[in-house]
Each structure stands twice: as C-alpha cells, then as structure tokens.
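Asker: My request is simple: use the sequences and hints to build the entire structure.
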Amino acid sequence: DAGVTQSPTHLIKTRGQHVTLRCSPISGHKSVSWYQQVLGQGPQFIFQYYEKEERGRGNFPDRFSARQFPNYSSELNVNALLLGDSALYLCASNQRDRSTEAFFGQGTRLTVV
Amino acid sequence: DQQVKQNSPSLSVQEGRISILNCDYTNSMFDYFLWYKKYPAEGPTFLISISSIKDKNEDGRFTVFLNKSAKHLSLHIVPSQPGDSAVYFCAASPNAGGTSYGKLTFGQGTILTVHP
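In order, the protein sequence lines correspond to chains C and H.
Using the working numbering, the first residue of the first sequence is number 289, and each one after it goes up by one.
Using the working numbering, the first residue of the second sequence is number 89, and each one after it goes up by one.
Honestly, the hints are just simulated from the structure, not real lab data.
Glycine included, C-beta positions come from ideal geometry on N, C-alpha and C.
Covered by chain C, according to a simulated footprint, are these stretches of chain H (three or more residues, beta-carbon under 8 Å):
hint, region
1, 127-135
2, 191-203
Straight line, CA to CA, 30 Å or less: simulated DSS-like cross-link-like pairs of lysine-lysine:
hint, chain 1, residue 1, chain 2, residue 2
3, H, Lys144, H, Lys93
4, C, Lys318, H, Lys125
5, C, Lys318, H, Lys142
Answerer: Set out below in structure tokens:
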C-alpha cells in the first residue's frame with residue numbers, strides 16, 4: 289500500500305515567488321493536514337482539510353492557502369515567499385477528521401533564496 | 089507559547105538499557121497524546137499513542153505513561169537498540185469540536201542516540 293506521497297521532494301524558490309506543494313493521502317483517508325517544520329523545531333500545524341472543507345487553520349499569514357480535491361489529494365500554496373518560509377513542509381493523512389494516528393509523508397524541503 | 093515541551097534536546101543511552109523520553113504540556117484541552125519518531129530526510133513515523141482516560145499504553149518495547157495531574161507524559165523504550173537512534177516528538181490533540189478539531193501540537197523533539 290502506498291503511503292502519503294508528496295511532491296516535489298526539494299524545491300528552491302526566490303523571494304517574492306509563489307509555490308505549490310502537492311500531497312496524495314493514503315488510499316481511503318479523507319483528511320489531510322499540512323505542517324511546517326523549521327530546523328530544530330517540531331512540526332507546526334498549518335491547515336486541516338476533511339471532505340474538501342477546511343476544518344482547522346494554524347497561526348500562519350494569509351499568504352498560505354490550501355485546498356482539497358474530490359480525490360482527497362491536496363495542495364498547499366504560499367504566495368510572496370519570504371526567506372523565513374524555508375522549511376520542511378509535511379503532509380499528513382487520517383482516515384477520519386479527528387487526528388488520532390496521523391500518517392506523514394516524507395515532506396517537501398523548500399529553500400527560499 | 090509552547091503548549092507542548094520536550095525539555096531535553098538530546099539523550100544518549102547504551103544498547104540494551106532503558107531510554108526514557110519526557111514531555112510536558114500546559115493545555116488542559118489536550119486529551120490524546122502521540123509519540124513520533126523521525127529519521128533524517130523522512131517524515132515522522134507514528135510510534136504509540138495514549139488517550140487521557142488511560143495512564144499507560146504498551147506496544148512491544150515501547151510504553152507511554154501519562155500523568156494527567158502533572159500534565160506529563162513519558163516514552164520508555166526497553167531494551168534500546170541502535171536502530172532506535174532518531175528524533176522523537178511528542179504531540180497532543182485537543183477535544184473534538186471547535187476550531188482546534190484535528191490539530192496536532194508538537195514538542196521540539198529529543199534526539200536519541202543509542203550506542204552499541
């Protein structure tokens with residue numbers, strides 16, 4: 289069984305640009321969450337989507353947005369990139385909308401220069 | 089504010105001995121707790137979890153203890169193996185409902201090194 293898959297695995301962008309990160313959840317999982325992990329810290333919650341509806345939003349600026357598609361895959365978009373957006377972006381999926389055992393992808397390493 | 093704290097950035101133990109990783113939380117709304125292990129260049133892998141109605145959960149070499157009155161949980165690994173060397177994160181989940189539905193709050197992580 290395929291786990292959570294994220295693309296791309298690595299990305300380098302310039303300040304001010306826009307980026308789109310993609311996530312495919314485990315088959316049968318309807319909930320997708322996004323986390324940002326900066327070096328030396330634990331993952332920080334950005335968004336959760338369940339059945340294409342936003343169920344939770346963390347303390348991130350409006351430059352961050354996301355959506356979930358009918359096949360439950362998801363995109364995270366970040367506009368007007370800042371150097372501080374450089375981080376590992378993790379996607380997690382759950383079978384239901386309650387986060388019990390969330391299963392994570394390998395992440396997308398974003399570097400903003 | 090750091091609602092979930094892992095105060096030990098690193099821990100070093102000998103193979104075969106017990107590893108004890110600690111985690112403290114401040115938010116009384118947390119009712120489900122999880123431990124994740126993370127290797128470099130990989131996403132976090134779920135290890136074990138515990139609901140607030142329990143004080144202990146065991147899965148093979150891994151046991152999680154929860155002390156609700158102290159708002160403290162710990163992960164015991166017995167016996168420790170070199171392959172256990174990784175970063176360990178504790179995470180907490182709030183009661184269902186409201187805008188916090190489904191959100192995991194993570195600690196900063198503890199780097200565990202198990203020496204052969």
